[in-house]
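Chemist: Input sequences plus hints: build the corresponding full structure.
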Amino acid sequence: MSPFQIDTGRVARTPGVTTETRNDYAANFIQERQKIIDKAQKNLLEAKARQKTYYDQGRSGVQFQEGEWVYLSTRNLPLAHAARGTRIDKDKLVARFVGPFQIINMLNKNVAKLKLPKSMSRLHNSFNVDVLRHVVESPAEFLSRPLPKVSPVHFSPDNDDGDLHVIERLIKQRTRRRKRQYLVHWQGLPDTEDTWENEAHIRHVVHWKHLLKELRARRR
Numbered sequence: 001m002s003p004f005q006i007d008t009g010r011v012a013r014t015p016g017v018t019t020e021t022r023n024d025y026a027a028n029f030i031q032e033r034q035k036i037i038d039k040a041q042k043n044l045l046e047a048k049a050r051q052k053t054y055y056d057q058g059r060s061g062v063q064f065q066e067g068e069w070v071y072l073s074t075r076n077l078p079l080a081h082a083a084r085g086t087r088i089d090k091d092k093l094v095a096r097f098v099g100p101f102q103i104i105n106m107l108n109k110n111v112a113k114l115k116l117p118k119s120m121s122r123l124h125n126s127f128n129v130d131v132l133r134h135v136v137e138s139p140a141e142f143l144s145r146p147l148p149k150v151s152p153v154h155f156s157p158d159n160d161d162g163d164l165h166v167i168e169r170l171i172k173q174r175t176r177r178r179k180r181q182y183l184v185h186w187q188g189l190p191d192t193e194d195t196w197e198n199e200a201h202i203r204h205v206v207h208w209k210h211l212l213k214e215l216r217a218r219r220r
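Position one of the sequence shown corresponds to residue 1 (UniProt numbering), numbered consecutively onward.
No wet-lab data here; the hints were simulated from the structure.
Any given hint could turn out to be false.
The calculated lysine-lysine pairs, modelled on BS3-like cross-linking and capped at a C-alpha distance of 27 Å, are [unchecked claim]:
no., residue 1, residue 2
1, K179, K213
2, K172, K213
3, K109, K48
4, K48, K35
5, K172, K209
6, K118, K209
7, K213, K118
8, K209, K115
9, K179, K209
Computed beta-carbon distance windows for the label pairs [what the hints assert, rightly or not]:
no., residue 1, residue 2, range
10, L45, H134, 27 to 35 Å
11, K109, K179, 51 to 59 Å
12, K115, D191, 30 to 38 Å
13, K48, K109, 16 to 24 Å
14, K209, N128, 32 to 40 Å
15, A47, V111, 20 to 28 Å
Just so we're clear, the structure is a prediction, and the values are computed from it rather than from any experiment.
Where is the CB? At the ideal position from N, CA and C, for every residue including glycine.
Modeler: Laid out in structure tokens, this is it:
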């Protein structure tokens with residue numbers, strides 16, 4: 001089936017083809033157009049069915065149960081603990097997964113309810129298994145090892161699409177041109193990427209008090 005036929009509903013004419021009457025042409029046009037539409041719809045339904053089959057085959061071996069520990073994908077989650085408008089030209093520096101969190105209930109085989117911390121209380125705690133990933137280590141191993149010291153994760157429903165740069169900690173403080181500045185260490189970047197930022201540009205982050213408290217504790 002040529003693009004011309006799909007677009008117009010008729011086969012391109014070649015020299016020597018006789019001309020039909022207007023009524024015959026209109027009737028044939030409608031019939032052929034409908035056949036093309038029906039065939040296109042059938043092909044679309046068959047393609048969707050094939051996609052579902054491949055998807056089900058890929059997910060058939062992945063099962064989750066109540067009590068298990070899982071990581072949660074940050075895809076489509078509105079993160080708010082970030083500074084915008086910095087001088088660092090980097091893509092979003094947010095981890096692909098956060099957690100681990102425990103499954104407290106399987107609503108069905110495709111939806112799990114997670115036990116989330118207070119910092120994520122605004123977030124609905126039921127998730128499709130598509131955004132979950134099993135924890136490799138056992139819960140006992142996870143609970144027995146010390147947690148890594150990283151900046152807390154906070155969520156907000158009013159996030160925009162701007163680049164997100166996560167502030168892990170404040171290193172130093174100084175005053176330049178009567179403006180207070182902080183040397184910022186960005187999560188996921190080496191120390192060579194630390195930058196001096198005006199307080200007014202970064203103090204809006206939701207864990208600002210936590211950052212200041214850590215800085216003052218190190219300066220004692």
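Chemist: Take the hints in turn and mark each one as holding or not.
Modeler: Checked hints:
1. K179 / K213: At roughly 20 Å apart (the allowed maximum being 27 Å), K213 and K179 satisfy the hint.
2. K172 / K213: Holds: K172 and K213 sit about 13 Å apart, inside 27 Å.
3. K109 / K48: The given pair, whose Cα atoms are some 22 Å apart, holds under the 27 Å limit.
4. K48 / K35: Distance ~20 Å between K48 and K35 Cα, so the pair holds.
5. K172 / K209: 15 Å, holds
6. K118 / K209: Answer holds: K118 to K209 is near 17 Å, not above 27 Å.
7. K213 / K118: 20 Å, holds
8. K209 / K115: 25 Å, holds
9. K179 / K209: 19 Å, holds
10. L45 / H134: 27 to 35 Å: 34 Å, holds
11. K109 / K179: 51 to 59 Å: 56 Å, holds
12. K115 / D191: 30 to 38 Å: Holds: the Cβ-Cβ distance is about 35 Å, inside 30 to 38 Å.
13. K48 / K109: 16 to 24 Å: 21 Å, holds
14. K209 / N128: 32 to 40 Å: 34 Å, holds
15. A47 / V111: 20 to 28 Å: Given about 26 Å between the Cβ atoms, the range holds.
Hint compliance for this structure: every hint is met.
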